[in-house]
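Colleague: Residue numbers (the numbering used here), protein chains in the order written: chain A, 1 to 237; chain B, 1 to 321.
If you are wondering where the hints come from, they were derived from the structure by calculation, not from laboratory data. Treat the hints with care, as some may be off.
[To be verified] Derived list of chain A stretches under chain B, where covered just means 3 residues or more per stretch with a C-beta under 8 Å from a C-beta of chain B:
id: 1; segment: 63-70
id: 2; segment: 75-88
id: 3; segment: 135-148
id: 4; segment: 194-202
[As the list claims (entries may be wrong)] For the chain B half of the interface with chain A, some residues (derived, Cβ under 7 Å), not all of them:
id: 5; residue: Gly122
id: 6; residue: Pro126
id: 7; residue: Leu127
id: 8; residue: Pro129
id: 9; residue: Ser133
id: 10; residue: Ser134
id: 11; residue: Gln235
For each residue, glycine too, the CB sits at the ideal point set by N, CA and C.
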Amino acid sequence: MSPGEPVADTVADTVVSDYGIDLDRGQAPESLFSLVRRRLTGRYPIDPFGADPLLMDLTAPPVRMAVRVQVEQGHRLPDVGGALIVSNRGLGILEPAALVVAVREATGRRLRVIGAPETPVLGPIIRKLGAVRGRPDDVASLLRAGHLAAVPLAPTWLRPGAGEPPRALLAAVLGFPVIPVAVLPGGPAGLPLRPWRVIVGQIVETETDAAPRDALVAAELAERVRDAVGALLAARG
Amino acid sequence: MRVLLTGLGGELGTRMAQLLEERSDVTEIVGVDLVPPRRRLRRSEFHRIDPRDRERLVGFVTELEPTAVAHYGVWEPDSRVSPREAAELTEACTVAALGGAARTGKLERVVVRSGLEVYGRGRGRPLVPAEDSSPAPTTPYGRSCLDVETTAVSLGRHHDVPVAALRLAPVVGSHVPSPLGRLLRLPAVPVPAFADPAFCLLHQDDAARAMVEALVRAYDGPLNVVGPGAASPWQVVRLGGRVPVPVAGPAWEVARRVAELAGAPVPPHVLELMCHGRAGDGSRAVDALELGDLRPTQDVCTELFEWATVTSIAVTRANVA
């Protein structure tokens, strides 16, 4: 692949499947018997980022029950291929869960949330559930492998609006579609009185002729994405 | 194309020679190694030369005047030789074979074997590095691979020759002497107690095919060659019907010694794989070398456990006679 060549054009749209399980697209949890048998015989898939797709599917129903979500413009999320969702973050606790549920409802895909800690014990467990560390190299590899990932803007705590964009990370994923998304709590002060609102914005296309990690193009992309998330938040009505 | 193939006696080198023999654009295949090839080769020529005999190897290569070098003479610690000998042989073979070939002025292309070990593992290192991730090896074998790459790239720049460095995922397969393969085939296998890191593997045939493709295309630059998907220590141990033995902290040193006594020495890069995983983004190689049908890591694992176990045959003077 030569510099400047669009990264997204050089890779497959779908990820490899193992033991009949697609590593990208979620499925209904298997029966307890089947799950236990798979664990005992080792016939279950692992992905290179440490995720265990069957565990991700197992945790999906309880998360969906705990975090109710209403998705708007969900058709803007891609059905296949690598893409990066950039969303706002208030307190940053339940927003990732709301996004995971929203993406699963809209596309059936397993969302890979960026920001897993590097701590021992806890880090590997969170990665098993699909989270990925925030290293730009890893995120670029994740998108090249055809996954849909989500990264938050910097937290704004209780202030309204969009936070600082992750510039280094956006520089690493130039060439892939970036999707601005607004995640809004269902009730006042984030109380779960009503379902969360997840509003998907128009895809922000990046310049495909930009050199990989071009700092200027990445900075422009970061500003456009922050503005797009800000506009979604301002128009929430 | 007149190809010098170092490491012809190994399983990967022999397989690569077989693939090169099928090509009409390869007119001559000449290999060197410490040990002879283990399969029948039809038109390859083998010379048994110890790379530590620098004068002899340089003289031989200079006289041969190869137009292409496929450098498989990279010894993995505890595969066929001890870690110290592996580093020594790798360095001697790299310097003598590549230096001798460059001196002739006929060299047109070089492919060297390297490994994902060049990226290193641990805090601050990417989990799935691509070729543009900076190498920072954390084990002796990783440093040895990076030294091979550095020597070859420097030679390539100086003589204006394309150099492909193939960073292979750990190669496991039947007949391949691999410390990882031996460890995983023990009846009880040490696994990390508080982690289950992902690692990728590569089938021996795919490793040989990638080297051939890189050579005939005269690819220039590093490429990760990785079997699709991944495995993890706990998962693969159960796949093989082995008993996982959870180990943490200083107990790894005890586990290493026990494994060595059982016939499976655990060099630092294999220990690192078990504790921190080993993966890489191989999408660029798939694209550049058209390797769309690489065998998935899980298939490589399955094949690993399908080999027949070694059966000791009691030999007595009476039944020999």
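Colleague: Against this structure, judge whether each hint is valid.
Modeller: Against the structure, the hints:
1. By the rule of at least three residues with a Cβ nearer than 8 Å to a Cβ of chain B, the coverage given for the segment 63-70 of chain A is violated, with 0 such residues.
2. With 0 residues carrying a beta carbon less than 8 Å from a beta carbon of chain B, the segment 75-88 of chain A misses the three-residue requirement, and the given coverage is violated.
3. Given a C-beta distance limit of less than 8 Å, the hint that chain B covers the segment 135-148 of chain A holds, as 8 residues qualify and 3 suffice.
4. Taking a C-beta to C-beta cut-off of 8 Å, the segment 194-202 of chain A contributes 0 residues in contact with chain B, too few for the three needed, and the coverage statement is violated.
5. About 10 Å separates the beta-carbon of Gly122/B from the nearest beta-carbon of chain A, more than 7 Å, and the hint is not met.
6. The criterion of a C-beta within 7 Å of any C-beta in chain A is met by Pro126/B, whose closest approach is roughly 4 Å, and the hint holds.
7. Nearest Cβ of chain A to the Cβ of Leu127/B: about 5 Å, under the 7 Å cut. The hint holds.
8. With a cut of 7 Å, the hint placing Pro129/B at the interface with chain A holds, because the nearest CB-to-CB distance is about 6 Å.
9. Taking 7 Å as the C-beta cut-off, the interface hint given for Ser133/B holds, the closest approach to chain A being about 5 Å.
10. Hint status for Ser134/B relative to chain A: violated, with the closest Cβ pair at about 9 Å, above 7 Å.
11. Because the closest C-beta pair between Gln235/B and chain A is about 5 Å apart, less than 7 Å, the hint holds.
The structure does not agree with the numbered hints 1, 2, 4, 5 and 10 stated previously, though it agrees with the rest.
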